[in-house]
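Trainee: Chain by chain, the residues:
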Amino acid sequence: MTDGHVLLEMSHIVKEFPGVRALDDVTMRVRKGDIHAICGENGAGKSTLMKVLSGVWVHGSYGGKIIFEGQEAQFSKIKDSEEKGIVIIHQELALIPELSVTENIFLGSEVMKGGLIDWDAARLQAMDLLARVGLEVDPDAPIKTLGVGQQQLVEIAKALSKNVKLLILDEPTAALNEDDSANLLQLMLGLKARGITCIMISHKLNEIAAVSDAVTVIRDGKTVDTYDVVAGQVDEDRIIKAMVGRSLENRYPEHTPTIGEVLLEVKDWNVESPTIPGRMITKNASFHVRRGEVVGFAGLMGAGRTELARSIFGRSFGIWRSGQMWLAGKEVAPKTVQQAIQAGLAYVTEDRKVLGLNLLDNIKTTIVSANLGKIVKNGLLQMDEETAIAEQYRKDLRVKTSTVEAGVSTLSGGNQQKVVLAKWMFTTPEVLILDEPTRGIDVGAKYEIYKLIHAMADEGKAVIVISSELPELLGISDRIYTIREGEITGELAAADADQETLMRRMTTTSTAPADPASLS
Amino acid sequence: MKYLKQVFGGNLQQYTMVLALVLLAIVFDVLSDHKMLTPSNAQALLAGNAYVLVLAIGMVMVIVIGHIDLSVGSVAAIVGMTVAITTSQVGLPWWVGLLLGLLLGTAIGAWHGFWLAKMGIPGFITTLAGMMIFRGLTIWVSKSISVPAPTEFGFFGAGFLPEWGPDLGMNNSTLLLGILAGAWFVWSELRRRSAILARGHELPLWVTLVRVVLFLLVIGYVTWLFGSGRPGTSFPIPGLILVALVVIYTIITQRTRFGRHIYAVGGNKQAAALSGVNVNKVYFLVMMNMSFLAAVAGILFIGRTGAAGPSDGTMWELDAIASVFIGGAAVSGGIGTVVGSMIGGLVMAVLNSGLMLMGVGADQTQVIKGLVLLAAVAIDVANKRQGGSSIFKRKPAAAKPAVAATK
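Residue numbers (my numbering), protein chains in the order written: chain A, 1155 to 1674; chain B, 54 to 460.
Hints are not guaranteed to be accurate.
What the hints assert, rightly or not - Distance ranges between label pairs, derived from CB positions: (1) Gly1268/A with Gly189/B: 44 to 50 angstroms; (2) Ala163/B with Asp1505/A: 32 to 38 angstroms; (3) Gly253/B with Asp1505/A: 34 to 40 angstroms; (4) Thr91/B with Lys1231/A: 54 to 60 angstroms; (5) Gln1492/A with Arg244/B: 53 to 59 angstroms; (6) Val413/B with Ser1215/A: 45 to 51 angstroms; (7) Ser1556/A with Arg246/B: 18 to 24 angstroms; (8) Glu1252/A with Leu76/B: 48 to 54 angstroms; (9) Tyr274/B with Asp1550/A: 45 to 51 angstroms; (10) Ala1295/A with Ile178/B: 28 to 34 angstroms; (11) Ser1556/A with Ala163/B: 41 to 47 angstroms; (12) Ser93/B with Leu1534/A: 46 to 52 angstroms; (13) Ser385/B with Ala1285/A: 56 to 62 angstroms.
To be verified - Far from chain B, by Cβ distances over 10 angstroms, these chain A residues were calculated: (14) Thr1181; (15) Ser1335; (16) Arg1444; (17) Ser1470; (18) Gln1492; (19) Ala1494; (20) Asp1515; (21) Asp1538; (22) Lys1577; (23) Met1657.
These aren't lab readings, by the way, just hints derived from the structure by calculation. Note that the structure is a prediction, hence the values are computed from the model and not measured. Yeah, the Cβ is synthetic: ideal placement off N, Cα and C, and Gly gets one too.
With the sequences and hints as input, model every part of the structure.
Mentor: Okay, structure coming up:
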């Protein structure tokens, strides 16, 4: 990668967090006018790298050097990087739903005239920008009335308003459907023709093949491979090998299941959306899990996996409409989380920090928090018992910490997840539902979590694993259900399944669609 | 420094505010020509602030769940007025009036709890409405005139413990209390020691000894301070009620399921709900409890002043809230302790009393109190930003961050 004018050079970037080295000597170069793809597993350090580049992590908080347009960049805030023409569009869109398209585009850089906002000029400029990204919407429409794909385009229009030179897109198509994705890729090529350089973080190899000029692969915080894409030809094997960095076979522990009788059975489960009346988020779902079995739920983001799991877990999401549920042959209908826990269900949330943990808490109080009744004597919590229990789990699950008094916020993602697992193991559940149990966790910790999942199954529990990573589901489950738009679209033995067959059922219906009239 | 840590436990920061309180008291004592640390002033200070401190106990719980209660002054007023009217004018026995008052407070709390927990109206709005409603009602039922309270309430608001036994140069009831407190500390310290040793940890004998001697010195001094006043005075009854409430509520918040649920809801509402905590029930009970304690405060106050007035309790909510925040609670919820709030409240009380003794006017006192509130919270925020823990965190988190990622 020598030819062409280099716009950005990041060399030997090191970024540490308490307990984790997120970036460990990353070096990359981006040529002017290129679309440069960055690949890597979840937690490889891609997002951290972009945060370093855009000034979220300020100059001095990381090691190494950033050269942008031939000058060393020393950003102390996001605004600094924006002034240089570096704009990042995050995975979670940063638009304000209540404000209009125009207001969002110029938020923070309002069009001023005589100390007041010149709304007429702003609206005209907004219309111009919207035309450039090919979006035909009313500039006065509130953002919340737009679809996700359209919102994405508004973000790009906003970036264009800032005279962007380097546009960073963090998994831009993750939440988009195929049409919107194709649209967006087309737009990126259009921007490239105008001389705007793009960095695109993506997992989707076909998209990388379609638009990118160069690829950099990051693994465990290091650059492992970087090369030019020759005339739209991407060597997928090379990328995958670099991303994974080891043979796929030993990423998942060996496990021979001992499968018993059906423990959890759910039949004709229907749940209505809590926000949009009439929209069903789970449609006629029927499935079962046996003792000692690990069952995977595969589905794209927004397919309704989490919603299904949470509606089963004490109806903690959506409005339950109909459906039955049996635990060990006995019909149960837990209506609150408390009842669900008592019935023997446990649900480990997908978003640890937002839904799973009280970050002000320490390890031991977290571990006992879902089953405080067990350490209460005469109405008082037994502190000695609490410490002893926490110490036991610390040893069993190999939580790396100096003391169980340490705050959970000081732990790394993998250790936090172990603490959350300990918390639910302490409720002695029969059925464990794990929602994205390895998200944001490094590879070594993942392996340990997999072993814990298998250990729990071997104890005779039924385990449901929800995951976006198909290799993971294939690697650890015994059986897999696919979900699409709230419907279960397939059931496969893991041994018979591969990523392609799963993906097909996650994206298209193989069977006749359920009759919506049958919903009660 | 190392020795200090061994004696007081790993986190010295939590003693910052205690130290500030002690220093303030000493400085004012010197500046006021030794009028500050006298038995009569100490008794007056405690009896005169007990009602605000009682409010702070409830307020810290409300603030930990992430809300605020602006109505406590008005609730105290309506309860005090109701008690005075039903006893002095209607002629009910004093104890019936007392129970009626506590019941009314609890009912008002249930009203606030209903709007917060069932209807989802933020506590700020619910209690802002309550502040107006109950202030208005107080003025309405009292027709804007003060109503005398039966003399029996004087015992709760301004009473002293009895005098008995041989003359030992101080109030024997206070002495007995001091001895009981000292004995309790020695006993719990020895129990703590044996528990630590039983777990196989080390605890040098001198650490236990120093702790015991230090505490006995403090309790001895406090006993002397409150017990050696003019004959007939002792540790004040409202102070005793306060201490009992502090003990009860410390146990509730630190040692019961309900207490854990309060902190869980305040720390992360969604995570608490998904762990089986009934968030709305916690909201409801905490709000109900707050108004119950406001009723207690209102009754203490009419006992002290001998009458219920239409403007009683004005601005009390602000003193209670200030005490809680000086005591290290977090505005965002999840952090705060009963004991911390008591220290915070005492800092305010000592400031009030000391400035008054020095002849500083109420106007300037107000300014100084405002600045102290700002400074205390600013120090707390700065501490947290440096990665330190707050002055009165619920549990002193380990100083050392946990090591290493899973590799």
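Trainee: Of the hints given before, which are not true for this structure?
Mentor: 5, 12, 13, 17, 18, 19, 20, 21 and 22
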